[in-house]
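K.L.:
Sequence:
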Amino acid sequence: MSDSSTPPAGSPQTPNPHSHSGQTSPSPAQQPKADRSSIIAVTALPVLVVIAGVLGFLTPDTFTPLAPTITWSLGVVMFFMGLTLTLPDFARIAKKPWIAALGVVTQFIAMPLLGLLVVTLFNLPAEIAVGVILVGCAPGGTASNVVTYLAKGDTALSVSITTLSTLLAPVLTPLLTLWLAGSYMDVPFWSMLVSICQTVLVPVIVGVLVRVVASKLVDKISPVLPWLASVAIAYIVAIVVAGSADSIASAGLLVLLAVITHNVLGLGIGYGVAAACRLDTPTRRALSFEVGLQNSGLASTLATTYFSPLAALPGAVFSVWHNVSGALLASLFARRPYSKPPREQLAQDARAQESVR
16 MSDSSTPPAG SPQTPNPHSH SGQTSPSPAQ QPKADRSSII AVTALPVLVV
66 IAGVLGFLTP DTFTPLAPTI TWSLGVVMFF MGLTLTLPDF ARIAKKPWIA
116 ALGVVTQFIA MPLLGLLVVT LFNLPAEIAV GVILVGCAPG GTASNVVTYL
166 AKGDTALSVS ITTLSTLLAP VLTPLLTLWL AGSYMDVPFW SMLVSICQTV
216 LVPVIVGVLV RVVASKLVDK ISPVLPWLAS VAIAYIVAIV VAGSADSIAS
266 AGLLVLLAVI THNVLGLGIG YGVAAACRLD TPTRRALSFE VGLQNSGLAS
316 TLATTYFSPL AALPGAVFSV WHNVSGALLA SLFARRPYSK PPREQLAQDA
366 RAQESVR
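This note's numbering puts the first residue of the sequence shown at 16, with every later residue one more than the last.
Hints should not be assumed to be uniformly reliable.
[Claimed, not checked] For lysine-lysine, the following DSBU-like pairs were computed, each having C-alpha atoms within a straight-line distance of at most 35 Å:
(1) Lys110 <-> Lys235
(2) Lys110 <-> Lys231
(3) Lys235 <-> Lys111
(4) Lys231 <-> Lys111
What the hints contain is simulated information worked out from the structure, not anything from laboratory work.
Start from the sequences, fold in the hints, and give me the full structure.
P.N.:
Here it is as structure tokens:
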């Protein structure tokens with residue numbers, strides 16, 4: 016996973032989530048190799064990130080000089096994300112445009128405002144406050160696609176929302192950060208916009224083009240992509256933690272509490288908005304993860320580049336926590352069977368009434 020942006024390798028082959036109703040998940044032997052690799056990588060990522068964080072904290076002199084490579088590392092992760100996307104992934108947005116739009120709008124409204132709320136409630140110092148808000152203004156992490164699949168949610172919709180939010184991030188992330196965090200520190204809007212285009216948009220587009228040109232080769236290496244992305248994310252976390260090692264002892268617990276609050280509220284609002292719109296259960300689960308799980312790798316990278324090592328700390332902590340919370344919630348959802356969605360049930364009732372006539 017999130018960053019938090021572990022590519023959902025094999026997502027084009029992911030079974031239709033709506034077929035999960037009343038059924039058990041396929042056994043590991045029945046799942047495509049790329050899917051199994053993604054699932055294992057998601058499970059292992061929190062461990063890798065924790066190990067990386069501990070190493071960064073204990074040996075800061077080893078990782079601090081590597082800070083200039085963070086941007087390149089994130090670009091590699093986003094390139095891997097592009098490799099996992101196919102043209103049908105973009106076509107799915109057209110099939111459910113209003114639901115995809117609902118997910119993106121909810122994410123870019125709820126998470127930034129929740130970040131500001133958390134900052135205010137915990138009375139966080141300026142640098143940490145900017146880091147928390149920056150996490151909230153980031154696009155969705157592609158780890159949400161994998162946990163949505165594990166939770167028997169609408170995986171295709173999840174991929175669509177993640178793709179759309181990532182494409183909008185070059186404008187919305189710096190704009191929202193300027194609006195909400197500008198009172199804490201100077202926010203270089205145009206520099207951030209260019210940086211996100213370079214580290215997110217361009218690598219994703221190049222990855223998509225490579226997949227179009229060499230799809231067979233990409234299919235062969237896709238089981239490895241989640242692991243390469245996991246290593247890259249752990250590498251970023253180690254550098255971020257090393258840069259703020261002196262502050263972790265005093266601010267670490269406060270940052271953890273702020274991150275947990277931010278994440279839990281986001282997961283709840285995502286599910287609640289979908290429920291209020293009377294969307295079906297798979298869609299509710301997808302929106303919960305799409306809103307609650309952020310591309311914290313991007314947030315840490317931007318914080319390190321434009322603000323301070325301490326501002327990058329919330330993104331590093333979020334990288335660990337949201338993988339844990341996502342996996343736990345996916346496990347809870349997967350164990351809770353659901354009946355037919357309201358819309359399907361209404362359509363079925365209408366057909367039954369017509370047959371009686």
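K.L.:
Decide, hint by hint, whether the structure agrees.
P.N.:
Going down the list of hints, with the structure as the test:
1. Lys110 <-> Lys235: holds (29 Å)
2. Lys110 <-> Lys231: holds (26 Å)
3. Lys235 <-> Lys111: Within the cut-off at roughly 30 Å; holds.
4. Lys231 <-> Lys111: holds (28 Å)
When the structure is compared with the earlier hints, no violation turns up for any of them.
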